[in-house]
Amino acid sequence: MAQTILVADDEPSIVLSLQVLLQKAGYVVRIARNGEEALDAVGEAVPDLILLDAMMPKRDGFDVCQQLRTRPATRDLPIIMLTAKSRDVERQKGMALGATDYITKPFSTRDLVATVRRHLEAAAGPTEAAPLPKTAEAR
Amino acid sequence: MTGAAAETETAARGVLPTPNRTPRRLLPLAFAGLGAAGIAAPLAARFVLDFQDMADPLTTVAAIGAFGAGAAVGGVWLAVQRLMVRPGQTLAREARVIAHGGAGAHVPVGRYAELSPIPQAMNELVEKLADARRDIDRAVAVSTATIHAEKTRLAAILNDLHEGVLVCNLKHQVLLYNQTALNLLHLTGDLGLGRSLLTVVQEEQILHTLERLRLRVREGRHRTHAHGTTAQFVGGTTDGRALLEGRMGLIMQDEEITGYVVTFTDVTSELEVLGKRDALLREASEGFRGPIANLSAMLETLSDFPELEKHEREAFETAMVGECAVLTARLEHLTSEYRGIITGHWPMNDIHSHNLINLVINGIPADAPYSVMLTGLPQWLHADSYSLVEMLEFILRKLHETTGVDSFDLSTEAEGPWVYLDIAWTGTPVPSGTLDGWLSERLPATALGGMTVGDVLQHHRSDMWSETWRDSCARLRVPLPPAQTPPSAHARPPATAMPRPEFFDFDLLHQPLDTSELGRTRLDRLTYVVFDTETTGLAPSQGDEIIQIAGVRVVNGRILTGETFSSLINPRRKIPPESVPFHGITNEMVQDKPGIETVLPQFKAFVSGAVLVAHNAAFDLKFLKMKERVTGVRFDNPVLDTMLLSRMLTGEGGDHTLDSIALRLGIQVVDRHTALGDSLVTAAVFLRMIEMLKERGITTLDDAIRSANILVELHQRERAF
Chain A
1 MAQTILVADD EPSIVLSLQV LLQKAGYVVR IARNGEEALD AVGEAVPDLI
51 LLDAMMPKRD GFDVCQQLRT RPATRDLPII MLTAKSRDVE RQKGMALGAT
101 DYITKPFSTR DLVATVRRHL EAAAGPTEAA PLPKTAEAR
Chain B
140 MTGAAAETET AARGVLPTPN RTPRRLLPLA FAGLGAAGIA APLAARFVLD
190 FQDMADPLTT VAAIGAFGAG AAVGGVWLAV QRLMVRPGQT LAREARVIAH
240 GGAGAHVPVG RYAELSPIPQ AMNELVEKLA DARRDIDRAV AVSTATIHAE
290 KTRLAAILND LHEGVLVCNL KHQVLLYNQT ALNLLHLTGD LGLGRSLLTV
340 VQEEQILHTL ERLRLRVREG RHRTHAHGTT AQFVGGTTDG RALLEGRMGL
390 IMQDEEITGY VVTFTDVTSE LEVLGKRDAL LREASEGFRG PIANLSAMLE
440 TLSDFPELEK HEREAFETAM VGECAVLTAR LEHLTSEYRG IITGHWPMND
490 IHSHNLINLV INGIPADAPY SVMLTGLPQW LHADSYSLVE MLEFILRKLH
540 ETTGVDSFDL STEAEGPWVY LDIAWTGTPV PSGTLDGWLS ERLPATALGG
590 MTVGDVLQHH RSDMWSETWR DSCARLRVPL PPAQTPPSAH ARPPATAMPR
640 PEFFDFDLLH QPLDTSELGR TRLDRLTYVV FDTETTGLAP SQGDEIIQIA
690 GVRVVNGRIL TGETFSSLIN PRRKIPPESV PFHGITNEMV QDKPGIETVL
740 PQFKAFVSGA VLVAHNAAFD LKFLKMKERV TGVRFDNPVL DTMLLSRMLT
790 GEGGDHTLDS IALRLGIQVV DRHTALGDSL VTAAVFLRMI EMLKERGITT
840 LDDAIRSANI LVELHQRERA F
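Protein sequence lines, in the order shown, are assigned to chains A and B. Residue 1 is where the first sequence starts when you use my numbering, and the numbers rise one by one after that. Residue 140 is where the second sequence starts when you use my numbering, and the numbers rise one by one after that.
So that you can see chain B by itself, here it is in the shape it has in the complex (with noise of 0.2 angstroms):
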């Protein structure tokens, strides 16, 4: 019975394509096992009876029966294998065959007379598996042909653009591209589906617009940016024959990045025309002035001393005569040059410095001699970043090369009309002559078709010159021009600041005087972490929470602007919306953020030996020493507050609100708002109190800390009455 069940069981299992054997061998065992019964019991039967009566008849005819027995169950035996066993396995057989076979096979059910029912059972489940076949067909097919139609007025859309279009993955292989796309580059080289499009464009320009965009994405830059996810650039074909103009769109899925979009145009001969309009007007302009301010100088000589002689007369004469010649000559040319030239634009984008700079200091080889570090505040300037980027990382080894110096500060500063992009360093000025040698020189990056540094210079109306600055430095300028969007279009609509209870919790800002080394240094040479935070409230006492902390490095004088540390934090309770317009974060953004007790302790490390400022520092320490209990950090570094530093210089009457301190001190801003860049606006407010402090006498930490206790005592006492 058990063989008998597991044979069924083994039946059910049948569709597994190994079938297990063993059970198949039980059966004619079980039968050979009968028949040997069959044989051995009237044997036994016999030998038992022998005992009895030794010559009984019946014995006899026991024996044969017993033997026919056993021929019947070997009968029996020979038609189960038959009947039932090979079209069982036959059977299965050709129910793998119709499963990985064509649809309309059939059992035929004649074949199996004694098993009918099962190749039945099993025609009707080939049926319904048809059927199944069937409906899925039909679908794919329609699915099919509306993704076709939809490619093919994709295609048409694609293929009437005017621009080249590609669809890259984030390996530059070409997933797709249009008609437009192939007749530019076809000359290139082979462009085709799964081929790297840097072969055909040059990778230069691709690269660094892909991470001039990545570097956007993984800052969350890109949900501000007035471009969100795409930017322009130029690049060129890698044979150097066409130069395109283009815009690179990333491709995001659930927040990664999968690919890029390019859109390109042809505008070599719209360039070659610039170039050349560009050198005509400069010819124009310079080469008109000289002879016209001879002339007009020769004239108003002759008029003005009507005496001269006659041979100095004639000497004017001649030299009127040679000039008019010179700008007759010059006009001509002109004429001639001008024909056919129309106008365009030379592509330059809206950029905020600090990326310009992060992109020339990653453009810095690692095994460089020479070192770079960002600093200062940012700006908005108008450039062809990749153009400008090149230029300046050509102009930074040259510097080293030149100087000998292997450490460059980078920093950009509005001033007057411009923008100036400065490389500062300890050492002396370049000599305006080595400068001017380096105009012709050719930067090394392919893409740019051989332009020289004074190339790039000139498409940016600019020049650049090397000077003298603060003591033993000196600083090389760029000026530029500033952005052509007003710098409130690239942030974040300003709210005005939520005005900040002023915090004179006497016990956070009187400090013991810092009797250590610390206390006696100068305040330009120590080390500070300037920091700000964003909170829910105002109230720490009532639930209020930090929900942001930044800070910025400032050492000997320098606001390291590569050394900041931004964290939000989740404050475990609701933002009220009617703070986020101060602060612009969400509950979104802090819902998957670390909880304060992680982010104090790498705040602590951050500002390890370093003096804290910030303005209006009380209400920040207040906030951290409320949490002093729960996160176990202490914060007990030396504290400034720029706020009591400038009621202590410009008095106690007056404004002295961030804003109002920047706008005193004429220190233009960007990213207000956010904790990061109110640090920097607090930082670089801060570095002007500390000389308008050392022209009071105060010039050490001890001496800042004095000062500002005195002041505050004068607070308490006023309190007081």
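Just chain A, with the same shape it has in the complex (with noise of 0.2 angstroms):
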């Protein structure tokens, strides 16, 4: 059965073209306009991956992925943080929150797809290395 992802983004643009992209490649997309509107499809059904822009209304994508770690059904859940802040800080934060990879825009749809590819394989087979690393232990 083919995997499901969920795009949340604000921007309808951007949604046209991951939706027909990730289409293409095989995936199952489901659309969320606000950080709420993922919430609530999270809830109905955990997708197989999470394409989560950090700015929108309605809680932000920070808060999305901190809500979504705290719960078991997502604990770990791959999710990629999209962005248009390009600053250190902010990729620092994402990853603290629990964000599984982090995308600064502009940026390849090539690369997204393999990204969004190899986060699916990595979640599939645990026998593989381990998930990205995460931030730096806390410590």
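None of these hints come from the bench; they were simulated from the model. Note that the Cβ used here is the ideal one computed from N, Cα and C, for glycine as well. Watch out, some of these pointers could steer you wrong.
Residues from chain A that face chain B, not an exhaustive set, calculated with beta carbons under 7 angstroms [said to hold, decoys possible]:
#1 Val20
#2 Phe62
#3 Leu97
#4 Lys105
#5 Pro106
Which bits of chain A does chain B cover? Going by a derived footprint, with three or more residues having C-beta under 8 angstroms, they are [unchecked claim]:
#6 4-16
#7 63-70
Hints are included, so try docking the two chains, each in its own frame, into the full complex.
Quick look at the structure:
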């Protein structure tokens, strides 16, 4: 069965591109237009991966990410954060709050699809190397 | 005769403002006595003669003579009264007038015929006095002229300065100001000598900076600090009309702070511009990324999938035209706003994290329902301390209100490109959404002109988040830029550590197992004092002495940086000059310090109930042991040695100096090579070691001592062969 990807972003044009791209790559795509919708969508059915925009109305991506990590069903779900903020601090914050990976806009769509595939494979096969290294150990 | 003597004495003392009056009455009394005697003597003679010859004519003559003599004496008294006593009194009055009056006054000699030598002498005295006064006046005039010239020159320099200059005493009363200061501040209020600076400049920033500098001087750090007794600040005028960027310098007399100098410039427009520029830059970087991302994604999709249906392609085309319109509009806005923007900087300083955190702690009201403790190793970071302190105090209050937690730890940690400022507590993290809500809240400090938490973070190119940490703990992290000057520039020039002999004086380290509760307590639950000593040399048996002892308490795995002991000790001998580069302590620094017999009992009280920890503990213990008899202080606390533990954990080979171990464990240190600095590093090393020991099943104090003893015995055996 095809894997499901939840795309949470408030900008219709990026959603349009991602939808076509990911569908062509063989994934089922669901859409959420803000943070609340994203949480609701995950509540209905847990996707295999989430592409999560950092800046969204009604709960930003950081908040959504932190919320999802507190729920047992989504504790290990791959979450890739997308953001227009390029500062290293934002990346650090995203990783600290539980993001699996962090992609800065603009990005290459080919790289994005490759990254999505890599994380899905890593999540599916526990024999693979552990998920991407998280932040330097908190201490 | 005695009466006259008394009179002379009184005359000599006549300069006194209240002359003794009694002797003056003696003179008329003496003359009255004489007169009475003149009358009484012939009468008495006649009474005696009456027995022999009752009608002797001689007796009558004698009686008349006696009366005559009496009258003469009376006359003489009147003359003396007129010619000497009264002129004497007048002369005294005149002398007093001259003493208090102006120059050129003379006593008219002719008026005192009988006493003429006295007024003459007095006139000579008057002239000498006048001469002396003239000399003083001349000298004063010369000095005044010099001072005036210097003052004019200083005034010219001050008025020529682009910066406003103010000199104040510790009551903030203005003692001096220049024209620029007046120009900048006169619209706000009356700036005048003796008036308080705080009526025109917002007090928060002035008091904060003064407190920072006082702390620096109190701890003696101004001697090695790159900025000595000065510090930068940003403050506002009390009416919020102008933002001032300034520098405060302490005025010190004999190590005593007597006042301060403030130099400042008006940076209101500059900061306004900076704020705008910041916003524009943000807009440029973030506002353009989105549309560009969308466009490129759509383009790539179109080119990768040429087989798309017509209606699909049309949807893409419409969206791309829309994105282009957004981009164009943003670019137009940016160009129009950018006009006239000049460059500048946000005034930021290199700050020692402990000073920053102490300022936060000092700023928390005594009746606040929560407490904050400084923990961990210090770091240097680059920040605007005032706005940061205000922000942290605000966040602590919000954290308490949100979580109900009443005890927070504040620490810093260098990691990657940042120095993290961490607020830690027992409990769960604060959700990101809640923290975002705080970003738009205005800080209460009026000096910050309504800045929000987000503004302060933005100025520091920072953000904040809250995450889980260790078991059942959470922390809020604020990543900040590290200091721009390398830490070594802030510290004493580092000397390579003096190679201490490795002491395996086994009696010192071979300890009986502690069968009490202490011995069974988990290592991470014990209270420790991690300590270090500085000494005049390496050989206690050959007269080397302790010159500094310092320690820090470690409780439940936290380095309580606020609970430290540090004391210099007078060794009552010369400190060898060749040892000074290693500890930086000179003879002058210890000459007025207490001796070992005073300090060791204090240190004993500090370490009471704690397990002692030191690097190469046997070295320090040997010195303490040597002093047992003199001081009567015995340290029977259990001891752990980080050097011995290092050998246990990483094997005998390799380098077990404190520097190498810290480097291996990734512990970044500043302030090395002072007793307290070394104690802090040792404490950080020790905490890591506790975790490493736990992995090897060494969890209690008894376990640790038992393992150490085994290693010690091995060494003993090796040495026996």
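For each hint, the structure was consulted:
no., hint, verdict
1, Val20, "holds (5 angstroms)"
2, Phe62, "holds (4 angstroms)"
3, Leu97, "holds (6 angstroms)"
4, Lys105, "holds (4 angstroms)"
5, Pro106, "holds (4 angstroms)"
6, 4-16, "holds (count 5)"
7, 63-70, "holds (count 4)"
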